[in-house]
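There are 4 protein chains.
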Amino acid sequence: MTDCTESDGTSDAGPASADRRGFLKTAGLAGGLAGGLAGAVAGAGYGKFSLAPITPAAAAETMPAPKLSDKKWWPSKWGPEDQAGASNHITPAKVLEAAKWIKDGKIYKLGHDYESAMPLFGKRAFTLRIPGSPTGGPFGENRLVYHDEFVATEIGQVGTQFDGLGHIGIQMGAAGDKTEMRFYNGHAAADFSDAYGLKKLGVENCKPFFTRGHLVDLVPVKGRMMEAGEEISVSDLRAALQKQNMQESDIKPGDAIFFNTGWGALWKKNNDKFNSGEPGMGLELAQWVIEKDLCLTGGDTWAVEVVPNPDKTLAFAVHTTLQTKHGIYNHENLSFDGLIADKKYQFVYIFTPVPIVGATGSPGVPIGVT
Amino acid sequence: MTDCTESDGTSDAGPASADRRGFLKTAGLAGGLAGGLAGAVAGAGYGKFSLAPITPAAAAETMPAPKLSDKKWWPSKWGPEDQAGASNHITPAKVLEAAKWIKDGKIYKLGHDYESAMPLFGKRAFTLRIPGSPTGGPFGENRLVYHDEFVATEIGQVGTQFDGLGHIGIQMGAAGDKTEMRFYNGHAAADFSDAYGLKKLGVENCKPFFTRGHLVDLVPVKGRMMEAGEEISVSDLRAALQKQNMQESDIKPGDAIFFNTGWGALWKKNNDKFNSGEPGMGLELAQWVIEKDLCLTGGDTWAVEVVPNPDKTLAFAVHTTLQTKHGIYNHENLSFDGLIADKKYQFVYIFTPVPIVGATGSPGVPIGVT
Amino acid sequence: MTDCTESDGTSDAGPASADRRGFLKTAGLAGGLAGGLAGAVAGAGYGKFSLAPITPAAAAETMPAPKLSDKKWWPSKWGPEDQAGASNHITPAKVLEAAKWIKDGKIYKLGHDYESAMPLFGKRAFTLRIPGSPTGGPFGENRLVYHDEFVATEIGQVGTQFDGLGHIGIQMGAAGDKTEMRFYNGHAAADFSDAYGLKKLGVENCKPFFTRGHLVDLVPVKGRMMEAGEEISVSDLRAALQKQNMQESDIKPGDAIFFNTGWGALWKKNNDKFNSGEPGMGLELAQWVIEKDLCLTGGDTWAVEVVPNPDKTLAFAVHTTLQTKHGIYNHENLSFDGLIADKKYQFVYIFTPVPIVGATGSPGVPIGVT
Amino acid sequence: MTDCTESDGTSDAGPASADRRGFLKTAGLAGGLAGGLAGAVAGAGYGKFSLAPITPAAAAETMPAPKLSDKKWWPSKWGPEDQAGASNHITPAKVLEAAKWIKDGKIYKLGHDYESAMPLFGKRAFTLRIPGSPTGGPFGENRLVYHDEFVATEIGQVGTQFDGLGHIGIQMGAAGDKTEMRFYNGHAAADFSDAYGLKKLGVENCKPFFTRGHLVDLVPVKGRMMEAGEEISVSDLRAALQKQNMQESDIKPGDAIFFNTGWGALWKKNNDKFNSGEPGMGLELAQWVIEKDLCLTGGDTWAVEVVPNPDKTLAFAVHTTLQTKHGIYNHENLSFDGLIADKKYQFVYIFTPVPIVGATGSPGVPIGVT
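Residue numbers (my numbering), protein chains in the order written: chain L, 1 to 370; chain S, 1 to 370; chain W, 1 to 370; chain X, 1 to 370.
Hints may contain errors.
A pair counts as met if it fits within one copy or between any two copies, since identical chains are not told apart.
Once the Cα atoms are required to be at most 25 Å apart in a straight line, the calculated DSS-like pairs of lysine-lysine come out as [claimed, not checked]:
{"#": "1", "residue 1": "Lys343", "residue 2": "Lys199"}
{"#": "2", "residue 1": "Lys268", "residue 2": "Lys222"}
{"#": "3", "residue 1": "Lys200", "residue 2": "Lys268"}
{"#": "4", "residue 1": "Lys269", "residue 2": "Lys199"}
{"#": "5", "residue 1": "Lys103", "residue 2": "Lys200"}
{"#": "6", "residue 1": "Lys72", "residue 2": "Lys100"}
{"#": "7", "residue 1": "Lys200", "residue 2": "Lys269"}
{"#": "8", "residue 1": "Lys312", "residue 2": "Lys269"}
{"#": "9", "residue 1": "Lys343", "residue 2": "Lys207"}
{"#": "10", "residue 1": "Lys100", "residue 2": "Lys199"}
{"#": "11", "residue 1": "Lys199", "residue 2": "Lys268"}
If you are wondering where the hints come from, they were derived from the structure by calculation, not from laboratory data.
Using the sequences plus the hints, can you model the full thing?
Given below as structure tokens:
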């Protein structure tokens, strides 16, 4: 997920927040409270369906279990202490199996460059400065000079981004109760949240990926770019596989799957629309991913899941389902143009998250090797 | 290079700069001007041989060509417009050749985690903060919460770091003359330096690496950790290859070479000593790298070259030789512990720089696959 | 307060954290839970008396009211919606009364410059970079060039710093329950805490100060610099006033009071010791400040209160007493050298916090005018 | 000056740069080269009159002296080493003279709050994050919790901002020749420019202001908000003084003068227009300021001078005239609404720049006391 709210107080009356307000109106995410008051109540400030966080007043009421989460999902199948999730699939056997797909020797960069012109969701920022010019020198009789760069940014949650397992959780108890704010493998925010970096589930715990990647291109199936709020069904997936001459049975545990919706064409072309919502996976397809026991999903959108969800009471429910409950990773804002141009739908997906201790995600462009 | 100077003004009288002053004293890099005034003049503030930048007064004099750079080194063999340097070696043929080395399916992470405790050279900084706790939520009836992370840092020049081709240049004319501040392929700072990111030679121009990597472990050859200022000779290299049962002739154009000096054992154990200098390549070995036509050098130190250089008038002369003149990349602060434990000296080196537009380098841990 | 904890996990094993560990050992702040288990339990990791935050396990127990806070302290005397606290004392009458003290026309800067060499507590950071050189230009036929500066820092909580009313609160309910995490005037974190800036009690709510300032110099009373953990008693205050020929009765509601302990001499001279604790106000003197109905306290230390508190179960109890319960502001890391050299103990204290919306404090050097 | 260019490369094709391109088209600042090729040449990318920096090619030609700067302007009247400029006017006599104007005891805040919604020129950024929630605690049996804030921003050049003397200079020699990049008092960039903070002319050298301030309200004179590119003439100034019943002769050396153009009404209401240019001082009025020997100018605009200058070959020529040559300070993005509502045109202007070592400017809202 690239972001999921905007408080949109008066201090954001400036032009920069126009696209965010637009998003709320368009995307119509449900921020509804338990009890079903949803849209109607929140309508005023946040559009028909709102992203307004659950208020303290609501938190004071006795809350039932969150929707979709009536029972605990831990311990994980990799043990109660595991922090690596589905990256545990990447075993030597998996690497060897994947390596067999290297036949052309061709490398595809599957992401975008990082720059201030990229769409940034919500209040996230990306700034880069070159200190000095040059930063230092000349030194020595060989007269060396050098440049550095200084960035200030949500490094793991801007541009092409990889969600670590400390990014998305579910508030199981009362709003604000960190002992019941649960993440992958039941790890509670109370145990690992810290102002200076997560104490558990930091992205450094994720193992490098070197696995088989399958690309599902929905554009030929639909004959057009998919639209915001349009869900990819399992049937769409199957239609795409058939068009691409691929067997569903060839998608195996530990593989990675990627969706091209066409939405990525808006990147830097129409950032407002790009941020306003997106087509993507819904809960049906998420269930298919779980059953296939994959290690990672990815797409050409900022969340890889349908936004808004057709069920307006849900906010990024595929995130909470795949990432939080199953430890299945998500790679967002990818680009498959090269693969598609070459009609290469199967490749080795290689990516190592930048191991920033306590970070929630990682920058970096994965490669697809064929 | 991790850094190369410290102005060390009075505003740095605090404890944080102790290691830097120590470095200047120990490393003794020559900041001397052509003409040999070096150490004697600069001695007072910077140790016997100094890192003091060349002063405007000196710049006013007519300067001869920089040492080692009496003639221009451009255009590059990849054409006058090239910005990718030795990453051009990574062709499909190279990938296929390298992939043959994947036999075990084992992945080695060849770098360190990023954290505030890592040694940071000079005035570089690394700060990470988690905004809020959680950063947002709960949202929806599924009550999603999420964390982000915000970093402020010299992102491509801290920790395990990859030097891009906009990092190191040579002042060919008078100090401060950016039209003669030349980088790889002759690109002049006047044409690409910018406060908001390099306009040319940004790390986004570098192609992904997927090539054969050779590790040269000097520790068994020396019977100990190498010391600061100790140069790795070609003869040392050959002795190591022999111990490792490797053939020098098996190191081919476009391959990558890595040096383990033992110095990396100081990482987080004795950061002051780690930063105070280092063992590494000298000009002899750099020449060997050039003749071998490699794409990249790497090591367990912050510069991968000997610091201080035995020739005290030189400052990071291997950097200016390999990176600036030949476009050969450098990967610093690597860790080879896993490879060495398994006696794996040949592997596929895989790394994709994070394509931050206009950045001088990249974070990220490369992998070695066997 | 400049800071009050250090999690000190393994990722901080480097040299930078040495002073912090030292602090924990020296200062010995009690992190003990209600029930008196204090030091003994926490001892291992945090020194004899610890700063370890209250754990979730502890939070799960039924907790009695926090020490010193068995009843609620709101609404404030300035009304239930007030966010300006004791800056409400600064009325036109107060300004006119203060202005009478301007007799010499002399201005004293009462703080330190901001620079990387200043003592920074805990994990706070201060980094400044000049983007480019110059940042832009030359432009026009008049050939203008310009520089900017880029900082990344805890802007209101580094160096000479002014604590706003959103900085310090008291956890009244279970640990982590933001509905009972109470600040000035009873404002609850649940209502105003936000990843992008406090929604209430931001420092922009504070009114500019222009009031009578009284300096109390303890050094002549003690005949030496006061030491860490040494409390300034009301009797010490009276002895100092007498030495300075001042009347206690001349200190009136809305005035500001400042303490010189001598500790400030360590600034940039011995940052480790400076950060290791400090002399200052205790609860007795805080009570005197409350009865005097002052608007602000200040001092030459990073907290202006005794650290560690003689009662080892308390952590910065003067902060929670004066700031949280009474809205009385605190100005830290001041310098009174000029005033003392001129034997000027009464002056007009003038300071306007930088109104950063949602910030917890403010940078800026106040002036004393005589 | 808030900024003066936009390189506007392809990496800025996104929506964020729309206003910047608009500015270039509207404001039409001349970036013309000596030789008068100005607009015609640069037209394509930068609008009719351009802000394109002088190119290296142009720099290679022999350049005549910059327009308006055919002779050197140093040493300053405060001596060849002076770094404080016109703040030297603030003597005890001046303070006493100013203090006489304190009759009401009323304090006016003369600036805006700092927030992400404020107009930011060019590529400057303002980001604020609250680390954790809370940042730390609970600690002790008194259960203290606390918040910090972390900002990353061009701290002295965003929002209400005070220009220090290291901000604006003139390229006297060839473009890029730092030995002839001259600032106040002739200080050359080669001597003080540094990636980690200016070594001279940092804002910490400026003395606190406590002087008489005169507000000139142009809106009643014009009967409307002044427009971008509209210059305030000396005759306008006199008309305003007359309307306000003020004597020109009452404006004395060391006083400060402020201009209200009405443009400030666009703040956060229409940031694009606000940034697109502005009304303000031209060279005639600047000359009047010099003859009056004032210490500071200020206004409700981002540069306090007319943009674009009626002479299209000039870029912010009032800045280079007043700041660079005369050391007269400039306070930008002020707000005079309170003073105007109360018809208070004379007041004590009080401001102390935040003394960040090596910074080019300062944040902070000055106060006007009557």
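Going through the hints against the structure:
no., hint, in the structure
1, Lys343 - Lys199, "neither (43 Å within a copy, 33 Å between copies)"
2, Lys268 - Lys222, "within (23 Å within a copy, 43 Å between copies)"
3, Lys200 - Lys268, "between (35 Å within a copy, 20 Å between copies)"
4, Lys269 - Lys199, "between (38 Å within a copy, 21 Å between copies)"
5, Lys103 - Lys200, "neither (39 Å within a copy, 33 Å between copies)"
6, Lys72 - Lys100, "neither (39 Å within a copy, 45 Å between copies)"
7, Lys200 - Lys269, "between (38 Å within a copy, 23 Å between copies)"
8, Lys312 - Lys269, "neither (28 Å within a copy, 33 Å between copies)"
9, Lys343 - Lys207, "between (29 Å within a copy, 22 Å between copies)"
10, Lys100 - Lys199, "neither (38 Å within a copy, 39 Å between copies)"
11, Lys199 - Lys268, "between (35 Å within a copy, 19 Å between copies)"
Figure legend: structure checked against the earlier numbered hints; hints not met, in rising order: 1, 5, 6, 8, 10.
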